[in-house]
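Quick note on numbering: the numbering used here labels position 1 of the sequence shown as -3, and the sequence is numbered without any gaps.
The reader is advised that the hints may include incorrect statements.
[Unchecked claim] Distance windows between CB atoms, simulated: (1) Q47 with A147: 16 to 22 angstroms; (2) T108 with M(-3): 36 to 42 angstroms; (3) G152 with D103: 30 to 36 angstroms.
Source of the hints: derived by calculation from the structure; they are not laboratory data. These numbers were taken from a predicted model, which means no experiment stands behind them. We put the beta carbon where it would ideally sit given N, CA and C, even for glycine.
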Amino acid sequence: MTRAFVALGSNLECPARQIRAAFAALALLPDTTLTRTSSLFRTTPVGYLDQPDFINAVAELDTMLAPVDLLHALLAIEADFGRVRSFRNAPRILDLDLLWYQDAMLDGPDLTLPHPRMHERAFVLYPLAELAPDLPIGAHGRAGDLAARCAAEGIGRLPSEDEDNESPE
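Use the sequences and the hints to build the structure in full.
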């Protein structure tokens, strides 16, 4: 089994519910075990700002799927949830990004590992550091150290009792 981390994000159609449903979908992937999930984090949009806040999280997987096969499985889950890619940084019902795949260093047309921008994204680093603070992020450092250096503005852990009380957009 190989360890992998996947970032999850949603800002449409009750995002916390979408993330929890996506955790369940990840748990059903063949030859894969969902080992842990982070807390849910409410985050402000990046890039295109005229949209609702996001709910973000990270899942830790143990998988026998090859990196590209895991990516295709993640894209299939997004499609099952109704993901539409209208423009860069658009609102979305579900976004799944393969962040890290144990010992893999890839730079291909469809997949780059580790994820090339995760060290810059608080909405990825905060939940990732919660699960794996010592995880090396390429030459950038460890997840926990990178998260500690990220500005916390626009990100906050969603209290578990509030996850079901989110207001729809």
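Hints and how they fare:
| no. | hint | verdict |
| --- | --- | --- |
| 1 | Q47 with A147: 16 to 22 angstroms | 20 angstroms, holds |
| 2 | T108 with M(-3): 36 to 42 angstroms | 23 angstroms, violated |
| 3 | G152 with D103: 30 to 36 angstroms | 34 angstroms, holds |
Violation of the numbered hints given earlier is confined to hint 2; every other hint is satisfied by the structure.
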